Amino acid sequence: MSTVVAATTSSKATRVLGWLTLAGFALLVALAFAWVPEDTRITEQGDVVGQFDAVRLMFVHVPSAILAYTGFGLTFLASLAYLRWRTDWWDMMAHASAEIGVVFGVLTLVTGSIWGRPTWQTWWEWGDVRQVTTLVMVLVFVGYLAMRRIPADTAVRARRSVVIALVGAVNIVIVNRSVDWWENRTLHQQSTLTARKIRDETLFTLSFSFAVGMVLFAWLLLHRFRLAYLESQIEQLEVDEAMEERRAEAGLSDDSKEQP
Amino acid sequence: MLPLRVTAVFRDAWLIAGKDLKIEMRARVGINQIVPFAVTVLVLFAFALDTDQEALRTYAPGLFWVTVLLASLLAIGRSFAVDLADGASDRLLLSGIDPIAVFGGKAAAIAIQLVVLEVLLAAGVVLLFDVTVHRYGLLVCAGLAAAAGVAAAGTLYGALVSGLGVRETLLPMLLLPVVAPVLVGATRAFQDAFGVAGAEGWAWLGLLAGFAAIYGVFGALSYGALLEEA
Chain A
7 MSTVVAATTS
17 SKATRVLGWL
27 TLAGFALLVA
37 LAFAWVPEDT
47 RITEQGDVVG
57 QFDAVRLMFV
67 HVPSAILAYT
77 GFGLTFLASL
87 AYLRWRTDWW
97 DMMAHASAEI
107 GVVFGVLTLV
117 TGSIWGRPTW
127 QTWWEWGDVR
137 QVTTLVMVLV
147 FVGYLAMRRI
157 PADTAVRARR
167 SVVIALVGAV
177 NIVIVNRSVD
187 WWENRTLHQQ
197 STLTARKIRD
207 ETLFTLSFSF
217 AVGMVLFAWL
227 LLHRFRLAYL
237 ESQIEQLEVD
247 EAMEERRAEA
257 GLSDDSKEQP
Chain B
5 MLPLRVTAVF
15 RDAWLIAGKD
25 LKIEMRARVG
35 INQIVPFAVT
45 VLVLFAFALD
55 TDQEALRTYA
65 PGLFWVTVLL
75 ASLLAIGRSF
85 AVDLADGASD
95 RLLLSGIDPI
105 AVFGGKAAAI
115 AIQLVVLEVL
125 LAAGVVLLFD
135 VTVHRYGLLV
145 CAGLAAAAGV
155 AAAGTLYGAL
165 VSGLGVRETL
175 LPMLLLPVVA
185 PVLVGATRAF
195 QDAFGVAGAE
205 GWAWLGLLAG
215 FAAIYGVFGA
225 LSYGALLEEA
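In order, the protein sequences belong to chains A and B. Each residue of the first sequence is one higher than the last, beginning at 7 in the numbering used here. Each residue of the second sequence is one higher than the last, beginning at 5 in the numbering used here.
It should be emphasised that the hints constitute simulated quantities derived from the structure, not laboratory data. Just so we're clear, the structure is a prediction, and the values are computed from it rather than from any experiment. Just to be clear, a hint being listed does not mean it is correct.
The following label-pair restraints were derived from C-beta to C-beta distances [said to hold, decoys possible]:
#, chain 1, residue 1, chain 2, residue 2, range
1, A, Val112, B, Glu204, 46 to 56 Å
2, B, Arg32, A, Thr15, 29 to 39 Å
3, A, Pro157, B, Leu74, 21 to 31 Å
4, A, Val112, B, Gln37, 54 to 64 Å
5, A, Glu241, B, Thr55, 31 to 41 Å
6, A, Leu26, B, Gly228, 38 to 48 Å
7, A, Pro124, B, Met29, 32 to 42 Å
Just so you know, even glycine gets a beta-carbon here, dropped at the ideal spot from N, CA and C.
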């Protein structure tokens, strides 16, 4: 009979990562609100334009998008690894990272929508290809998670999930490249990071937000992966217990036959 | 001359498609249920848009393709339900037919049913929504390419959810986001064919053909793994 090794998802590593995330997030909030100036620009006509205070949302929106890509990308790689080695470890890794990817994908859409209201004067812009393709990508992976929750044989579920993950991964490329491919059909700006079109304070805080985001991702992934492992252990435990009970029942019925 | 294995795959695919179509011809679920369902959806769209003839004419391409996608869910679900009944899928597996042929045959049968549905629905759109066809060639090509794409993706996802207790609810959830590019491409192509918008119809046809090719290849390659445990 197998036993659960440790009924917790916490460890020294996750505690360190958790505290690092918390401290990093506190510093990020301070930088975003106290250090980074609002985004304004004066046009040739003398008008003041820009994102104003909404620019501070970028420090949540952009890292969320990066973490969504990371989550879905890791699901893709773990799915390929599952195809190669067929171990539960890779299957659980694919599941855990997809779940985190969906959380950050939804956060990307929500923060983007809140940012779009003052900047583009709309909550949702159907003309923006990146916004729409991001929604489709999240929906595909919500479908992936639905498949993961289906009561079926572990190997069957894993193999079918791999196919969805491989198809879904195509979306990551489409979303990421959409601003370049459909340049005239998007309101999203192209990469301002590489073109160095933003202020130094904004660039530093944005880079710092990526670092905090990555630590947060690692922390969540460790917890979610261990949770998946514990779930599989419990499932196995239940199967073992059920088998024990059936054996015991069989034993009882044998005894009853022997009695006069 | 084609190598022997390729010839056998084509022959077997033809057999599978023939089997599915023969079942469909006898059961008439498509004609008796799926087509009336699709026409009802068209009528409901007209009610929803307050029977505004101008709006209906403008949005006819989009409404047409949404209807086709909804009806395709029924056709795909039916195709796999038939295989599961009486353990037919097990016998198919035991027959030793190449999974690529099974995929090709099932996809072809679904595509043919979708083309028939499209023809009937196109007539419905012309009659009910008062649209005029300007480019017949584009209309036919886009209709065929979109049917092939939906059938290829539908066969892959139909196999994915086959044998699971939640097939009916899971298939739309998985398939509809994936076929969104077909909806966009086919709608633009039909807008051009109906002359309701200045979309570059032939360029969108490229997207439809590409989609069908990608899902055709991916589906054929991964079908063996799915068939084994269905």
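Quick rundown of the hints versus the structure:
Val112/A and Glu204/B have their C-beta atoms about 34 Å apart, which leaves the hinted 46 to 56 Å range violated. Arg32/B and Thr15/A have their C-beta atoms about 55 Å apart, which leaves the hinted 29 to 39 Å range violated. Checking the proposed 21 to 31 Å range against Pro157/A and Leu74/B shows it holds: the Cβ atoms sit about 28 Å from each other. Range check, Val112/A to Gln37/B: Cβ separation about 37 Å, and the 54 to 64 Å hint is violated.
Taking the beta carbon of each, Glu241/A and Thr55/B are about 55 Å apart, not inside 31 to 41 Å as hinted. In this structure the hint that Leu26/A and Gly228/B lie 38 to 48 Å apart at CB holds, the actual value being about 46 Å. With their beta carbons about 59 Å apart, Pro124/A and Met29/B fall outside the hinted range of 32 to 42 Å.
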